[in-house]
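As they're listed, the protein sequences go chains A and B. So the first sequence is residues 1 to 335, counted in my numbering. So the second sequence is residues 1001 to 1525, counted in my numbering.
Hints should not be assumed to be uniformly reliable.
Covered stretches of chain A (in silico footprint by chain B; criterion: 3 or more residues with CB under 8 Å from a CB of chain B, positions within the stretch not fixed) [as the list claims (entries may be wrong)]:
#	region
1	13-26
2	168-178
Calculated from the model, a selection of chain B residues having no Cβ within reach of chain A, i.e. all distances over 12 Å [what the hints assert, rightly or not]:
#	residue
3	1081
4	1207
5	1222
6	1346
7	1382
8	1460
The set of hints was computed from the structure by calculation and includes no laboratory data. Since we're looking at a predicted model, the values are computed, not measured. We put the CB at the ideal spot given by N, CA and C, even for glycine.
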Amino acid sequence: MLKFFLSRLGTFIPTFFGVTLISFAFIRVLPGDPIIVMAGERGMSQERYEALRAQYGFDQPIWKQFWDYFTGILQGDLGNSFVTNRPVWDEFFSLFPATLELSICAIIIATCLGLPAGVIAAVYRGKFLDRFFMSTALIGYSMPIFWWALLLIIVFSGNLGWTPVSGRIGLLYFFEDTTGFMLIDSLLSGQSGAFRSAVSHLILPSIVLATIPLAVIARQTRSAMLEVLSEDYIRTARAKGLSPERVNGVHALRNAMIPVITVIGLSVGTLLAGAILTETIFSWPGIGKWMVDSIFRRDYPVVQGGLLMIAVIVMIVNLLVDLTYGLINPKIRSR
Amino acid sequence: MKFRHTLAVSALALCAAGAAYAQDQTLVYCSEGSPEGFDPALYTAGTTFDASSHTVYNQLVEFETGTTNTVPGLAESYEVSEDGTQVTFKLRPGVQFHSNDLFTPTREMNADDVIYSFERQEGDGSWEYYNSMSMPDLIDSVEKVDDLTVRFNLTRAEAPFIANMAMDFASIVSKEYADAMAEAGTPEMINQRPIGTGPFVFEDYQTDAVIRYSKNQNYWKDNEPKLDNLVFAITPDASVRLQRLQAGECHVMPYPNPADIEAIRANTDLELLDQEGLNVGYLAYNTTQEPFDDPQVRKALNMAIDKQAILDVIFAGQGEAAKNPIPPTMWSYNDAVEDDPYDPEAARQMLEEAGVEDLSMKIWAMPVQRPYNPNARRMAELIQEDFSEIGVDVEIVSYEWGEYLERSSAVDRDGAVLLGWTGDNGDPDNFLAVLLGCDGVGGANRAQWCNEEFDQLVQEAKTLSDQSERAKLYEEAQVVFKEQAPWATIAHSTTFMPVRSEVEGYIVHPLGGHLFDTVTLNPDG
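Pulled out of the complex, with its shape left as it was, chain B reads as follows (with noise of 0.2 Å):
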């Protein structure tokens, strides 16, 4: 009786302090992992990016809540040069950046610090993200036109660079804080306690457990953030996570279980908020190979693949079946394109005619969960199924995450790879040119797949300024890719985001990052 009357009080004390945090506006995000460190340029990580440059950081340009579109953020505007190659940005005067035990700045945020932010990259280091979008390649040099003027020299006019420049990589750090630092002996504060010029304040990381942020009182933009405190509470496994929401020791959660979608709508205290995912799941041929090479014969595959079905058991029926590789969300998507119709009897055939008997075929099965394939174990079974049909044999391989991906970029590989992507910057060459482009081959392209027409159309597209001029070749390209089908495309997923009843105002991210500068508590909610 003792003990039940302790929990009672504990109970009693937790509810206080509920209360006690609706006064202070204190919201309590229960994240899926722990971030790897706070310096967004070293990772590629969306967990880690939630922690870091949603909260603490700015970039120069940014993505609006909710779009992909890019809005003026430390930089007050730029200008592209005619030829395309030299990018000039003005900076926000009068940006603080944030202090800490160790470093109170002198100086207010200027082109010094956009210069050393992207200058350390080239250097030593896993600078991954900035290398896998080819920065190195693409940015000749940064120079200091005045302290709030910086201008970017590019080696070839590349239209996606302004997208670029809004992604975490781009986050812009203190070159003052840096340099103390360095001079402390102690370069590595930068990762473990992160001054930026972000809404929120970094204040305390307990490993693994809790991360703690307050208001940035000097942000720079007016209203924001509307919380005083924001806490971070780590937690790892999705069932969890729900209870953890639903008890109220948080107030937001990403990534709940598929099967938990239809209690969390049930749930009067909650409220399910989605958002169309920026991302594609598909099945990837290799094109180099027979009988594969034979478009033919692809879409005769592509016909036999009953997504419907895919869609309600892998997707729990929340996802939409894909035609195209980009997202219908993204700029430039063509509607137009008429997907493949499920017809085995119709792909059986065509299989006929191309001369193609007992096919037998590997279809890979990665190892992981991802948003844009969340069990392709499973889905490989029913793709599997599905090619039985019309007499195609099918094995199941799957390799260790780290040997699948290496093994499914290789050229000579053999069969089919299930895979996926999620966008980076909203930018259809993000996908279109990683993913099935010439340079890739061999790469991200896991359909080895090289096609003058739309590789043409894709570099040309990069090249404009003009996002209708660029949209109507990419929408071309979707045309080119429709009629050769080096992909199945299988699904977009939805993002699923429940949220306590009391929170307001938080948009879900199409780019699938976590953003709170915008929401605010409402006690009676």
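Next up, chain A with everything else stripped away, as it sits in the complex (with noise of 0.2 Å):
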């Protein structure tokens, strides 16, 4: 097991690497001087962008700035944003609970609906409970995140107020962070119904971030139960009499699991990414909202840091789901 780790743990270093140059060079690559739209419609003089240069170290050799934000990288040194003046690493660490307590409820929305939704639609092939989890799961995954956020708002929030609007927590609650997961928070807060507003305020954004994930796990969960179906051993089983729960649930699903944990794993990356519109919509602030402003500002340091720091948890989180093939399947750790 230590052997497998290791060997996995040895490709993440050069993807580490990689990943550092992509973000760097991502933000240069694109067109727009931070300086010249940092001025707007005003303009500035020649005299004052050679000086705005200089300051923010762009008058150095690009090779320069790179070895500068690298060394600076494995000092855990981001660079400080060039709009607000902050640590990256610090905007960072105060965004991100935000996100990844919507993409934790996501995920585990998706999840529980993908996977039973996926062996459902495997176990009566063909049949009409298959036809609609997988159309549905289709129309899930083709709708537009911008337009099906919308419709929510519309119905649940305007006509019938059942769910706020948006933001984390109703404006009337007001406690100081302590983890920055906001139903822990509002929990420790002890003020009453902090935790019913923090929950009701999180339904709608779940729901849209969910959407994809949920149609990639039921269909994957539905591939993967019927391919296993289909084998020698189930027929076993089923001769020996097994009920049917028992071979479906037991059987079949765990054997069906690897590929699925391998969507949920790569869908953390589809999570970060769903969570930049899902986000904005929802005036949700977490990572996704502040790196789309950090884009259109050229805010160098925060979108490669950002974007750093993203790949660098979309990497760990692929290292757990290697490890828990592991885990479910011998096989493949002696491999």
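Can you join these two chains into the complex? Each is in its own frame, and there are hints to help.
Below you can see the structure in the form of structure tokens.
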């Protein structure tokens, strides 16, 4: 197991370097000079422009800029935002819990609904339930997030008044961040109604964010299940007279889980990407909205630092997924 | 069922909270974006100013709410020397700075704070607004005459200086706070935990979510502010803002979608306030290039543009066709100027007379939405159609915003550029000299237009202190502008502010800021 872990970790390091390079290059290949963007319609004099270039270090050769950035990262310094002048690291960690909270809720919804839907569809292959779940999944997968979110807001918040329109918690609740997770903080605050308010604010954005991963998980579970269900040992299990619940739930599902876990792991990337739109619509103060604002402002340190952090998180999740395979299937471990 | 029950209870809780709000006079403003920081001198965005200079700070003079006239602020009065190069401000006594858990002021606002507020912007740092208004060239020195008197020594007489002193970068910060924070090794606190003299005291900012302010109990203006608490709920999407307003989650929202205007008017819970915006959207030819160096050609093209169609399609009918480079609400607007009529036939003839045949040109469409041009791409397409009617072939080009700004400034730029301007300080100089003066060629003057007669009028007007004298010169300058037609002036947009009916006393500010000093909530409204 240790060898397996180390070999996976070994691939982590070159990937990390590559991600650092790409995140650095990405924002620089986008057209648009951050200093010109800063000045807007007003423009600025050439001297002023040169002075600001020097101040932000853009007059240095590009390899020097990268070297400074890379050595900074190794020392845990992602630089300061051009706009707010606060360390990127601090900004990231003040906003990340909001994204994480939303993503966890979304992945729970997606898994809890997607897995059973996929299993049922596979068991009732070709029947009404199969067609119903799979066509719903296809609609969910192809739905423009923006439109879907607005539709839910208009129906559930606007017309029915069941859920709040946007934000993380009702504006009358006010307490210091302890963990950054609103569900936990609202409980810790001891203010009555705070937790309920936090939950009600989470419902719509989680559903929206869960939509695509839910569809993917359902479809993946179905196809993995179908493959397993045609295996000989399933026929044997059935022939032995095991109940269909036991055959499907234990013998088939457990073996069908590997590709499904891969998909769940990969959807972390999708969730973080989907969070950008979802957060903007629901005024959810997470890293998605933060990154979008920074790209428009050409805030280099935030964009490159934020991208790097997101990439590292996706990498860590994938590493964990790899390790989980090892736990589920001993054959992978020994390979 | 239980789920529904829970939601019903939480809805009730919200209503109860709403009742508590009413007693407390807490106004929630669904703002359109996050402030970049809270030190207004570091930034140029209106969103940042709403959260800082309009709430937490004051300036020496200020714009009277709802107008662009300057009235006394932290200075009770000012005096301009005969030659116009010395401006002496008499400060208001007894003005208190706010306090927070890091800092409690030991003295009242005085000349040291004023001097510090300006001198710091002469140093390193991104003091963009100060620089873009050419303040470093204009201010020679700031001196303390006594504790409550400050003198600005200018390098030249410049009438718009007073209006500049009402701008956001001219907000007065506490020197004592700055010193204390520098000593504590946390100078960035000025930008994160602002201390000012303004109507509202900064309480807390949860990044990208909520900004909270409380009433300044020691405010120097009697009976203001009227609200006990002010909350900015950051809501970037315009449709969501409207939903929140309708649901009562906020009381005021800026920047509604033009398509929602009719629905807002029809909603009895809401009221739609409006104000002619202090802006202009234009199409700037490159007057240094053939055939656009010929005023006759430019005039002809202007006459081919159907402005009414643009207003109907792009501004949803909520704007006004522009004939002058300054908006009608601004003093010195010359209403006697006649706009070029929409007459494609005459335009075609004029082009022929000018010897222009088979003209093909580029029109630049901005990639961003601005009040003065909500949809540049569509506008460019409409103009393309108009021009094709007179036999002019148009290619529409666009670039990323930073590229667009940079490339469109170049003197040898190809084609005509769609752009616009929103006034900074309500002074005509801020439009005419900045956008059309000879100094702006290769920069903000996108027409690359340097007309001696026009420039002389505008430069002279800058040196006079008498407003009616200045107005005459600006009126003349507008006549020259119309004859020479360096731009096709397109439109001035209208600013809309939907508010809930319980909101009283909100005045839409022509300079675009959102101010809450005079607002009250009437629960029966």
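Could you check the structure against the hints above and give me the numbers of any it violates, in ascending order? The structure conflicts with hints 1 and 4, although it agrees with all the remaining ones.
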